[in-house]
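K.L.:
So you can see what is in the structure, the chains are spelled out below.
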Amino acid sequence: MPLDTSAYSLALLRVDGRRWNELRRIHAQIRTQAAADGSSYLEMGHTKVMCVVTGPSEPGPRRGTAGAGAAGASKAVAEVAVSVVVAGFSSVDRKKRGRNDKRNLELQSTIANALAASLHTHLFPHSVIQVSLHVLSQDGSLLAALINAATLACVDAGIPMTDYVVACTAGSTSTYAAGDESADPLLDLNHQEEQELPGLTVATLGESDRVAVLVCESRVQVGRLEGMLAVGVDGCKQVREILDRVVRDKGKRMVLEGTVAKGEGLEDMDLD
Amino acid sequence: MAPNQHVLLSPAELAYLHEALSLTPPIRPDGRAPTQFRPLVAETEILPGTNGSARICFADGTEAIVGVKAEVERTRGYHGDDEEEGGEEKREQEREGQDEWVELTVEIPGYREDDASTAFLAAMLSEALLADGGFAKKLWINRRFHWKLFLDIILISPPLSYPLPLLSLTTHLALLSTRLPRLKSEGDEDPFFDDDWAAAPYLYPQGTATTRPPITLLVMAVGRNIIFDPTKEELAVADVVLAVSVGEAATDASSTKGKGKAPGRSLRLLSVRTVDPPSRVTPPGVPNATNSAYGIAASAQKQPEARTVEAQAVEGVWRAPRGGAKPAVMAALVQKVLERGGVADEVLDALDAVELG
Numbered sequence: 001m002p003l004d005t006s007a008y009s010l011a012l013l014r015v016d017g018r019r020w021n022e023l024r025r026i027h028a029q030i031r032t033q034a035a036a037d038g039s040s041y042l043e044m045g046h047t048k049v050m051c052v053v054t055g056p057s058e059p060g061p062r063r064g065t066a067g068a069g070a071a072g073a074s075k076a077v078a079e080v081a082v083s084v085v086v087a088g089f090s091s092v093d094r095k096k097r098g099r100n101d102k103r104n105l106e107l108q109s110t111i112a113n114a115l116a117a118s119l120h121t122h123l124f125p126h127s128v129i130q131v132s133l134h135v136l137s138q139d140g141s142l143l144a145a146l147i148n149a150a151t152l153a154c155v156d157a158g159i160p161m162t163d164y165v166v167a168c169t170a171g172s173t174s175t176y177a178a179g180d181e182s183a184d185p186l187l188d189l190n191h192q193e194e195q196e197l198p199g200l201t202v203a204t205l206g207e208s209d210r211v212a213v214l215v216c217e218s219r220v221q222v223g224r225l226e227g228m229l230a231v232g233v234d235g236c237k238q239v240r241e242i243l244d245r246v247v248r249d250k251g252k253r254m255v256l257e258g259t260v261a262k263g264e265g266l267e268d269m270d271l272d
Numbered sequence: 001m002a003p004n005q006h007v008l009l010s011p012a013e014l015a016y017l018h019e020a021l022s023l024t025p026p027i028r029p030d031g032r033a034p035t036q037f038r039p040l041v042a043e044t045e046i047l048p049g050t051n052g053s054a055r056i057c058f059a060d061g062t063e064a065i066v067g068v069k070a071e072v073e074r075t076r077g078y079h080g081d082d083e084e085e086g087g088e089e090k091r092e093q094e095r096e097g098q099d100e101w102v103e104l105t106v107e108i109p110g111y112r113e114d115d116a117s118t119a120f121l122a123a124m125l126s127e128a129l130l131a132d133g134g135f136a137k138k139l140w141i142n143r144r145f146h147w148k149l150f151l152d153i154i155l156i157s158p159p160l161s162y163p164l165p166l167l168s169l170t171t172h173l174a175l176l177s178t179r180l181p182r183l184k185s186e187g188d189e190d191p192f193f194d195d196d197w198a199a200a201p202y203l204y205p206q207g208t209a210t211t212r213p214p215i216t217l218l219v220m221a222v223g224r225n226i227i228f229d230p231t232k233e234e235l236a237v238a239d240v241v242l243a244v245s246v247g248e249a250a251t252d253a254s255s256t257k258g259k260g261k262a263p264g265r266s267l268r269l270l271s272v273r274t275v276d277p278p279s280r281v282t283p284p285g286v287p288n289a290t291n292s293a294y295g296i297a298a299s300a301q302k303q304p305e306a307r308t309v310e311a312q313a314v315e316g317v318w319r320a321p322r323g324g325a326k327p328a329v330m331a332a333l334v335q336k337v338l339e340r341g342g343v344a345d346e347v348l349d350a351l352d353a354v355e356l357g
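Sequences listed follow chains H and W, in order. With UniProt numbering as the guide, the letters of the first sequence map in order to residues 1 to 272. With UniProt numbering as the guide, the letters of the second sequence map in order to residues 1 to 357.
Each hint should be verified, as a subset may be incorrect.
So, partial list: chain H residues that the calculated Cβ filter (under 8 Å) puts toward chain W [said to hold, decoys possible]: (1) A34; (2) V92; (3) R94.
Label pairs and their calculated CB-CB ranges [said to hold, decoys possible]: (4) H:E58 x W:D195: 29 to 39 Å; (5) H:V15 x W:L356: 27 to 37 Å; (6) W:A199 x H:L214: 43 to 53 Å; (7) W:E43 x H:E257: 17 to 27 Å.
Keep in mind that the hints were calculated from the coordinates and are not lab data. Owing to the predicted nature of the structure, the values given are computational and were not obtained by experimental measurement. Every residue, glycine too, gets a C-beta built ideally from N, C-alpha and C.
If we strip away everything but chain W, and leave its shape as in the complex, we get (with noise of 0.2 Å):
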């Protein structure tokens, strides 16, 4: 589902909300902050019969379930018997991840699954999670195994907004809870795991400074205002829609968790991608000084306004955003995302607070 959704608002709707939005301080329809985010019911867990589940409403009605099972693979391009003498150390450096690994799938209702948007919401979302490349090492077994890990993700509810960040987060909640059996066996024989569920770690163990899996974020800008969690209709009027992927870097030692909160964790970036903006399929308004039905000009030519609107912006007048985004705009949505104690780091935080289990 593209961005780009019928959107119904007229064109003097259109410029009146981007109007709205360009002030300092920008003024939403809903009257949030530009940086405040709706509240959204998550929870976690939800099927047992998964490693791991997760389930996010979003406040706009927007339902998003992802389930994520793990299989037993044989690990290809292994040909066995070089076998050398080396300790531990040695094992942990061995460790390798592929990116064929992980396969993700999106389901939208009433999209098929190899529509372009569809493929290209699942390329976004697992770009982001291997994108560190640490990702696919957490599910190598030993030198002939690994787990092929295998996330679904439905969207139960008709995609009423862009539902790439609901995604995003049902995704990362169902990762965290995600757990594997534990491994009795050791070395390169076949594994052999414990069957006590109760014993299973967590992919991203939890209450120690390793890193989580990313979010991604739909951050827009309207004139020089970053607007954050945009609805749908603020979409419509965007001038540059980005999608951010953010990760947390490894910190060093337990610098955060030891002294209470600290400024915030640091936040590493993994990947952008622009999205084209709604507003760019939407219908510009007629300034009345052109307007045939109207006034003086009506006599003046036959059919003036497809050339006068492509020439001159009327203020007043919707008029599509033409053109890439400055890159001054660019550099300023991803900083505001980086930001400590910014908006990913108030969304981690809040992600941090749902109970597993």
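Next comes chain H alone, as it looks inside the complex (with noise of 0.2 Å):
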């Protein structure tokens, strides 16, 4: 179905009616499955994604499945293992993907050396990080919609990390075919704008400027990238705005309903 991208210089808004620098509605909730050690579940718009954390614990029995380099390769610092399970029912035609699909393995080690890279895993020798994610229901935005909800629910687990791990997409107006020099950059593509125009998704270390992920998929002129690239870090920064909140809000929760002790020298904190 090909996207109607001519209309968007007329009035300046995109096929779901957001402005150029407008996310989509972010909705976020952590600590969602009580036997888990982290847990979280993540909405960008119409991709909704889940995401369990289970240790930092020790090793199991390795399984024959694609385990992610040799054991005892890295027993200083703890291992990231991510699996993402795509349901068959996410997308609008039932589409099954195998566990060992190309584009899941990518999406795996892609969010386990995002994740790595941000936690302390030399705090935890000998032990493993048992990331997994399901995805419910696809609109855009896969990659940073799993990165997000991984990053939340680490936080919920109590992983110690340097910073939240925000990401978010970006993109261009016109397609790279159309070779349009005055295009604008785009924030937080949906599906159909993501199947049309060049997009890349970006993951920045918090609200400072270091990239920690970057993947780009499509052709786009180079000319274009920086753009690009600015819109997607500013709109990370957004990102950690809305997910830092849902974690206050939630801690706020936990201590008015007496689940944990407020911590020391939080005694004049306010709630609300």
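Grab the two chains, each in its own frame, and use the hints to assemble them into the complex.
P.N.:
Structure, rendered in structure tokens:
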């Protein structure tokens, strides 16, 4: 289904009515699952993902699945093992993706590397942090949603980390073939835009400009790249704000409910 | 995930637990009655992109999501043009289903989908669903086309206990909330559907005395005691574990609906599977009399326990159950599930109370 990109220049509104720099609605929850060490649920527009973190724990017996690297290769730091399960019912047409699907494997290794760089894995030698992600519904920006959900679940699991790894996507208003020099960058692509327009996924370390992940799978003129990256990094800052609010709200609620004691030095913390 | 996952209990603890559960009435570690279920959280129609979906959280923290998706498919083996005149009744009789119209996949984190235990779970669930033969019939559109139903069952949490009942109940709810677009075309035309989702009928119409999807319950026996909804620890000392699938028998007229709280629904046994109890692989205890590291026996022989443990049971020393179940126990287990106003009835009632939409 071709996306009518020509309409954008008339009203400067995208197909779903957003402006170029607007994110979709992000709704997140943490500690959604009692049995896990850490868990989260994240919606970015219609993309819905769930994350469950187990660990850091002793590595169990190796099963014959595609393990990331040989055991014993990195005993000094905790291994981050990510598994992504894309539900068959997540896309419009049911498509079953195998566990060893190439796209899946790439998603897994991208997320594992991004998390491993931000988590203090050296504090947990000889252990495994198992991150399992479930995609319930897909509408673009899948990698970004997965990274955000994984970050939230790691926060919930209480694994020390330098900062949130937050991600979002950025695109450009006209296709590569159009070669339009005046193309504007776009923030947070949905599925329709992702199919049609060049886009990239960028993850940064918290509010800093330090890029943790940069994935671009489409052809784009190099001249537009800078603008897209700038918009993406800016979006990540907004996303961090939202995720941080989610974590703080949950923390407040837990203190109010008496689930956890108020930390030291927080006696005058404002709870309302 | 085999039910026999490592339960970290010593032989002494296993012996204690087994003894507590074989008392009359049994004393369960969490103080429940033998037929009492743990509370659960359920919601349906959580994913607008599916035909039906449900999520259930059990009290032990395990959580599953089921999504149902339907696609129109051409029925193979129909060659057309054997056009005969037949009324509406004839057409109804022609309604027939095939088992391959339903595809069920189970996804357990950390397990391959072709893992034996995952395949076994999927087989048990689809077997129960297709057992009554009426389910596939619901997917019939006309002689040339049918719905193909994809049931994707995902366990979200790590598999802490044997997830069969959880997956079964979630599938039940997802199927209850499943809707298929309303058919507008007639006869054997290419199907054409109403695009108004609000008009889409449920696969299992509500408020009528039609059958409901089956449920599969895990029941275990310790001695003569029958225990429902066993926890992982209880499973570790079970003598027999059965997966019993029950469905609601089609009630004649609306006898149960009309008179308020009738005795209960009439249930129908769809399938029974024995599940290899994890207690089989637990390590046996060694009685003091033969413990070479303790007391008198130490000097008697070298390594005698290997043989003596097999030989006789000693009171208070754990010994993994051997052999099959007694027919009387099996019969009692099935009987207990099917009882009017019994456990399966209660579970169905509870699932009834879950709001759709």
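K.L.:
Taking the numbered hints from earlier one at a time, note which ones the structure violates and give those numbers from smallest to largest.
P.N.:
4
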